[in-house]
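A.B. asks: Using the hints, position chain B with the ligands against chain A.
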Amino acid sequence: MMKTETSTAPAPAAFEPRITAFVCNWCTYAGADLAGTSRLQYASNMRIIKLPCTGRIDPLFVLKAFENGADAVLVSGCHPGDCHYTSGNYHARRRWTLFRKLLALTGIGDDRLFFSWVSAAEGQKFADLVNDVTAKVRKAGPFCAVHPGRRAS
Amino acid sequence: MKALREAAEKLLREKRVSLVIGYEDRKGRPAFFAAKPEDCGRLAYDASCRQNLAAYLGKPEIRARLPVAVVAPPAVLRSIVVLTAESQLPPGQVLALAVDGDSFLGTFDAAGVAELLRAKYSTLAPEPALLERVQGLLQKSPAERAAFWEAEFSKCTRCYACRAACPGCYCSRCIVEKNAPQWISTAALGHGNYTWSVMRAFHQSGRCTLCGACEAACPQGLPLMLLNAVLDREALEEFGSRPGYDPEAKPLIGSWSADDDHSYMR
Ligand code: SF4
Ligand code: SF4
Ligand code: FES
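As given, the protein sequences belong to chains A and B, one line each in that order.
Residue numbering for the first sequence follows the numbering used here, beginning at 1 and increasing consecutively.
Residue numbering for the second sequence follows the numbering used here, beginning at 1001 and increasing consecutively.
The shape of chain A in the complex, shown without the other chains:
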């Protein structure tokens, strides 16, 4: 009689990144909505937090996300010139240009912190972006457990 071997060890759970997205109400959120109503399939790893404008996204929000379990953060809003409040995204852009370098010095680099412009008409771009970001974070692995910015569990 043949003896069939069955492995009792559970397969190691694949790493599913948790990605927090801070998006503005008028462009990227509408773009995400369009991706949904167009029934585009994309990775389900992103948790979207909607704010009025990228100008409202304080760098503290990003740190809070990393503190509480995010493996990566995406910040996204209207294309330059298209901000619903005229210049919120221009203000935000300066902030991010500086802030990303500060975070890089502390070990949070380009593979965990993403920025994009996605308009209300760019449902496809949003879906592609989520897929691409998710793939990159999957490759980068879980956010380093010893990072000082992470809340000790």
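Among these hints, one or two may not hold up.
Okay, the calculated beta carbon distance ranges per label pair [what the hints assert, rightly or not]: (1) Asp-82/A <-> Ala-1187/B: 18 to 28 Å; (2) Leu-40/A <-> Cys-1171/B: 42 to 52 Å; (3) Gln-1220/B <-> Ala-152/A: 48 to 58 Å; (4) Ile-49/A <-> Ile-1175/B: 18 to 28 Å; (5) Ala-1047/B <-> Lys-139/A: 21 to 31 Å.
Just so you know, the hints here were simulated from the structure itself, not pulled from any lab data.
Idealized CB from N, CA, C, for every residue including glycine.
C.D. replies: The following block gives chain B with the ligands in isolation, referenced to the frame of chain A:
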């Protein structure tokens, strides 16, 4: 030293100021407040003075005693220009007793300070050793950088000496004290310490003059200048920002240009 004391004494005698904020002639060169002409013999200055006396200009106790004079090496002169640009100094109420190394350069008003900086210190740059340390850290892997800061931030006791020492930290209510909601944990533990130092440095971007007072004040010896320096370098390279030279400068964060770089945006 003699010239500095005489100039300070003259200002007080002529009642042009009611207080001279300087460094005292004793070990550690602590801050000294000369209110009477005869106090001025206790003033001293040399390269070991690391406190940025411009930080006092935001304090209500000093505000109540304007006009005042401040003993100011180049980085402090720049802080005075930053505070002027941010409308934090009532016009004509602050004089600088400019010093550099062992020499006394004279008494200057706000316009004179900007003039002196342009004429004599237009090429002030961060210490090469500091930039090398930043570069060295950036060459490490993200995990190594995280481990480096984990070890450093775990020492922080949240005494806020870094904040008290900085002329740029003049908010009457600091973000770290806001508690509804509480954005930054005030427990002296990992993530709160990290967020505190990162946000403290970030709130100085485009405003920090790299005076070094925050790091010098930190009783735990945290390398805070690394955070300040990386922001300073980026502000200069990306936006040509050199805080502390132009008393009419717009704040770097709070202004924008349609041409700002966004090559990292997707
Ligand atoms: S001075 Fe040093 S120990 Fe005190 S709060 Fe600042 S970083 Fe922490
Ligand atoms: S943050 Fe900059 S300006 Fe403030 S004390 Fe530190 S080095 Fe000086
Ligand atoms: S409303 Fe979208 S960035 Fe300002």
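A.B. asks: Sort out which numbered hints this structure fails and list those numbers smallest first.
C.D. replies: The structure breaks hints 1, 3, 5; every other hint is satisfied.
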